[in-house]
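> Listed below are the residues making up each chain.
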Amino acid sequence: MSTAEILTPETEDVSVGDYQFGFHDPTDKYAFTSRKGIDREMVTQISEMKNEPGWMTDFRLRSFEIFQEKPMPTWGGDMSGIDFQNIFYYVKASDKQEKSWDDVPEDIRRTYEKLGIPEAEQKYLSGVKAQYESEVVYGSLQEDLAKQGVLFTDTDSALREHPDIFREYFGTIIPPHDNKFAALNSAVWSGGSFIYVPPGVHIDFPLQAYFRINTENMGQFERTLIIMDEGSSAHYVEGCTAPTYSSDSLHSAVVEIIVKKEGRFRYTTIQNWSNNVYNLVTKRAMAYQDALMEWVDGNLGSKLTMKYPAIYLMEPGARGETLSIAFAGEGQHQDAGAKMVHCAPHTSSRVISKSISKDGGRAGYRGLVKVQNGATDCKSNVVCDALILDPESRSDTYPYIEVEEQDVAMEHEASVSKIGEEQLLYLMSRGLTEAEASAMIVTGFIEPLVKELPMEYAVEMNRLIELQMEGSVG
Amino acid sequence: MSSLLKIDNLHVNVGDTEILKGVNLEIRQGEIHALMGPNGSGKSTLAYALVGHPKYEITQGTVTVDGTDLADLDPTQRARLGLFLAFQYPVTIPGVKVADFLRHAMTNVRNPDRKEGEELMPMREFRTELRDTMKELDIDAEFARRYLNDGFSGGEKKRMEILQLALLKPKFAILDETDSGLDSDAVRVVSEGLAKLSGPEMGVLIITHHERLLEYNIPQFTHVMLAGRIVETGDAALAHELHANGYAGIRERHPDAAAEEQVAQTQDTAGAGT
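Taken in order, these protein sequences are the chains called A and B. By the numbering used here, the letter at position 296 of the first sequence is numbered 287, and the numbering carries on one by one without gaps. To convert, take the position in the second sequence, counting from 1, and add 694; that gives the numbering used here.
Derived from the structure by calculation, the hints contain no laboratory data. From the three backbone atoms N, C-alpha and C, an ideal C-beta is built for every residue, glycine too. A few of these clues could be false.
In silico DMTMM-like links for lysine to aspartate or glutamate, alpha-carbon gap of 20 Å or less [to be verified]:
| id | chain 1 | residue 1 | chain 2 | residue 2 |
| --- | --- | --- | --- | --- |
| 1 | B | Lys700 | B | Glu895 |
| 2 | B | Lys749 | A | Glu412 |
| 3 | B | Lys791 | A | Glu425 |
| 4 | A | Lys171 | A | Glu60 |
| 5 | A | Lys41 | A | Glu152 |
| 6 | B | Lys749 | A | Asp381 |
| 7 | A | Lys442 | B | Asp794 |
| 8 | A | Lys370 | A | Asp281 |
| 9 | A | Lys361 | A | Asp169 |
| 10 | B | Lys791 | A | Glu443 |
| 11 | A | Lys442 | B | Glu836 |
| 12 | B | Lys863 | B | Asp832 |
| 13 | B | Lys809 | A | Glu425 |
| 14 | B | Lys809 | B | Asp768 |
| 15 | B | Lys749 | A | Glu413 |
| 16 | B | Lys791 | A | Glu438 |
| 17 | B | Lys791 | A | Glu413 |
| 18 | B | Lys749 | A | Glu425 |
| 19 | A | Lys442 | B | Asp844 |
What follows is a set of in silico ranges between Cβ atoms, one per label pair, in the way DEER data are often shown [as the list claims (entries may be wrong)]:
| id | chain 1 | residue 1 | chain 2 | residue 2 | range |
| --- | --- | --- | --- | --- | --- |
| 20 | B | Ala835 | A | Ser406 | 26 to 34 Å |
| 21 | B | Arg906 | A | Thr367 | 54 to 62 Å |
| 22 | A | Pro166 | B | Gly849 | 55 to 63 Å |
| 23 | A | Pro382 | B | Asp768 | 15 to 23 Å |
| 24 | B | Glu886 | A | Pro439 | 31 to 39 Å |
| 25 | B | Val785 | A | Ser71 | 41 to 49 Å |
| 26 | B | Ser847 | A | Tyr160 | 47 to 55 Å |
| 27 | B | Thr753 | A | Pro64 | 52 to 60 Å |
| 28 | A | Pro166 | B | Ser847 | 53 to 61 Å |
| 29 | A | Gly411 | B | Glu823 | 28 to 36 Å |
Using the sequences provided together with the hints, build the complete structure.
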């Protein structure tokens, strides 16, 4: 564990402005608004409203019991501001699934236009999935993908339309008793993406989904389940921006992924929740023989983010990579990281974590690399870089390593980079203003992550960083 | 009328230590000046003070460009006024592509009133100019896609500085030991590059220990700095003499400054502000 270091007192002029995507639509057009708070009746009601099979209702109720029994985590960040009885657990944005863009309600469309979804739609006619509040209201899937047997739908529809495969995998990677928030999600989940890619099918373009929180005090508990069958490959991308609201909001997703033998899967997330959101997400993947699983995880915004995407390397030859970036501004705490569990020999993992903190923000890396007994000839490489922009801000690194084998190659590097006086002078002496120079240095710092993103996400990511650094759109 | 960079009785501190103790120097556009002197005499300090490094504090005297006092300007504004320093040790900026950096720099220097977020120069225009200039300076086009000075060899870093000089076309260019640490081929490349760029529109101050740079860029004036002052000024012949015979003769002719140099070296063996 390293203590916070103060490195750059020279950048105090660079201020973060108001949250840029703080628009919201009127909420009274909704077909249904559930009441605040959670109890058995509410859980049952959610399941009934969705016309779910009995096993799912039972699963939800059992999960609710586990949620009640589990204590709050005592590590990570300050969760004392979460009032579970002051949250909406289910809100329906519109009654039915929309078939085409023109059918999407106008105010919802406007919201997406501000987020640039139509362009994404034009570019990726096949793959756009947009989740508005608790349900997916718009989705399209390229025909030839469907012909190849690819299933890409919202998770609620998947439960109705593909019950067998759904039930085979659902809750097997992250069971409800895994942690308190996984239990909560299991009790009240709604929406999320379901993907099944059959053996040998390769999807060359990113499958995309956008998530937004739009009702005050609304929790968003999406549930994503992805099954990559043998020798298949795909890339899934989700990006989030959220409107600003005055009272706290909870986002607690569960993402379960199975990558079977020789499959390849990348899951890319950019999250930019508004500053009052608690973002407590459980993400876990299992990678089998010679499979490759990659998490690319960008965390901006939120009040508190606790997120440690995990990869279990289940069989020989499995590889796992996590590329994570966290940006913490004023009043924000990003506790992000990665978890790599080597369960089999000849497996390898790599973690690259970049964190930026400014204006009193706190960003850190918390990670676990575990090598189980019998998992010989494993390799793991963890690199954490922190960039601290002012004396008020803080960075922490908590690397945990548990190794039960001798024949293992482990590398861990942690560095605290800085915006140095010399770097600023160099750029300014070429005519850049101090804010431009700082933004350029920060953009460069996260470039290793941004270059892994699809073009429009890279542009959006850089724009968000510029907004954060310069305080306003020029 | 050609521009004038005027340094008048300049005193500069680094922390509590006075490094420059009254420097006087006038450079006009179109002139080439050489600044020589032993290690620790204050040459680089002068360079940093001119571009506005925050650690180098002007305690007395003035630097003006056509009457505008640089003390009132930050490094950004000085660059936009037409000042350029080719750094002795160019810093690495990981993740920032050379092309992105150059486009920002060129846009800003050419539009001194530009505000943050205003449009950059058109991509097509930028690319054409960059490609032509790189070709002219015999720089591999691949450079533009690399990260700024990241993993560059010493020679590549210095060439990057010359490329920036070519694109930013300053009124006054200061080259701080641009020839140091390079093999003779690299020195030739950099020297030829500078010779192509300098002309009636550019005043040049070449800080150097060596002579090669000056063979290609013959100075009208050679200044010798010792213990924070310019103690002698001559022509190209003086540079030649110093290169052949070293600074012993200078110290003999200026015993007071030589004594100060001794004292400073004893006080600070680390050689602050070299």
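> Now look at each hint and say whether the structure bears it out.
Tested hints:
1. Proposed proximity of Lys700 of chain B and Glu895 of chain B is supported: the alpha carbons are some 16 Å apart, at most 20 Å.
2. Pair hint Lys749 of chain B plus Glu412 of chain A holds up; C-alpha atoms about 9 Å apart against a cutoff of 20 Å.
3. Among the hinted pairs, Lys791 of chain B with Glu425 of chain A is consistent with the structure: their alpha-carbon atoms are about 18 Å apart, no more than 20 Å.
4. As the CA atoms of Lys171 of chain A and Glu60 of chain A are separated by approximately 8 Å, the hinted pair is consistent with the 20 Å bound.
5. This hinted pair checks out: Lys41 of chain A and Glu152 of chain A have alpha carbons roughly 13 Å apart, not beyond 20 Å.
6. For the given pair, Lys749 of chain B sits about 18 Å from Asp381 of chain A by alpha-carbon distance, which is consistent with the 20 Å threshold.
7. Between Lys442 of chain A and Asp794 of chain B the alpha-carbon distance is near 14 Å, which keeps this suggested pair within the 20 Å criterion.
8. A distance of roughly 14 Å separates the Cα atoms of Lys370 of chain A and Asp281 of chain A; the hinted pair therefore holds under the 20 Å criterion.
9. Using a Cα cut-off of 20 Å, the hinted pair Lys361 of chain A and Asp169 of chain A holds, with the two alpha carbons roughly 17 Å apart.
10. Between Lys791 of chain B and Glu443 of chain A the CA atoms are separated by roughly 15 Å; this keeps the pair inside 20 Å, and the hint holds.
11. For the hint linking Lys442 of chain A to Glu836 of chain B, the alpha-carbon distance of about 18 Å falls within 20 Å, and the restraint holds.
12. Restraint check for Lys863 of chain B and Asp832 of chain B: satisfied, since their Cα atoms lie roughly 18 Å apart, inside the 20 Å limit.
13. This hinted pair checks out: Lys809 of chain B and Glu425 of chain A have alpha carbons roughly 12 Å apart, not beyond 20 Å.
14. For the proposed pair Lys809 of chain B and Asp768 of chain B, the alpha carbon gap of about 15 Å is at most 20 Å, so the pair holds.
15. A hinted pair counts as satisfied when its Cα atoms are at most 20 Å apart, and Lys749 of chain B with Glu413 of chain A qualifies at roughly 10 Å.
16. For the suggested pair Lys791 of chain B and Glu438 of chain A, the alpha carbons sit about 10 Å apart, so the restraint of at most 20 Å is met.
17. Our distance criterion of 20 Å between C-alpha atoms is met by Lys791 of chain B and Glu413 of chain A, whose separation comes to about 18 Å.
18. Proposed proximity of Lys749 of chain B and Glu425 of chain A is supported: the alpha carbons are some 16 Å apart, at most 20 Å.
19. A hinted pair counts as satisfied when its Cα atoms are at most 20 Å apart, and Lys442 of chain A with Asp844 of chain B qualifies at roughly 17 Å.
20. In this structure, Ala835 of chain B and Ser406 of chain A meet the distance hint of 26 to 34 Å, their C-beta atoms being roughly 32 Å apart.
21. Checking the proposed 54 to 62 Å range against Arg906 of chain B and Thr367 of chain A shows it holds: the Cβ atoms sit about 58 Å from each other.
22. Checked against the hint of 55 to 63 Å, the pair Pro166 of chain A and Gly849 of chain B passes, with Cβ atoms roughly 60 Å apart.
23. At roughly 21 Å, the beta-carbon separation of Pro382 of chain A and Asp768 of chain B lies within the given 15 to 23 Å, and the hint holds.
24. Between Glu886 of chain B and Pro439 of chain A, the C-beta spacing of about 36 Å keeps the proposed range 31 to 39 Å intact.
25. One distance hint, 41 to 49 Å for the beta-carbon pair Val785 of chain B and Ser71 of chain A, holds here, with the actual separation near 44 Å.
26. Checked against the hint of 47 to 55 Å, the C-beta distance between Ser847 of chain B and Tyr160 of chain A comes to roughly 53 Å, which is consistent with it.
27. One distance hint, 52 to 60 Å for the beta-carbon pair Thr753 of chain B and Pro64 of chain A, holds here, with the actual separation near 57 Å.
28. At about 55 Å, the CB distance of Pro166 of chain A to Ser847 of chain B agrees with the hint of 53 to 61 Å.
29. Between Gly411 of chain A and Glu823 of chain B the CB atoms are about 30 Å apart, so this pair conforms to the stated range of 28 to 36 Å.
Hint compliance for this structure: no hint is broken.
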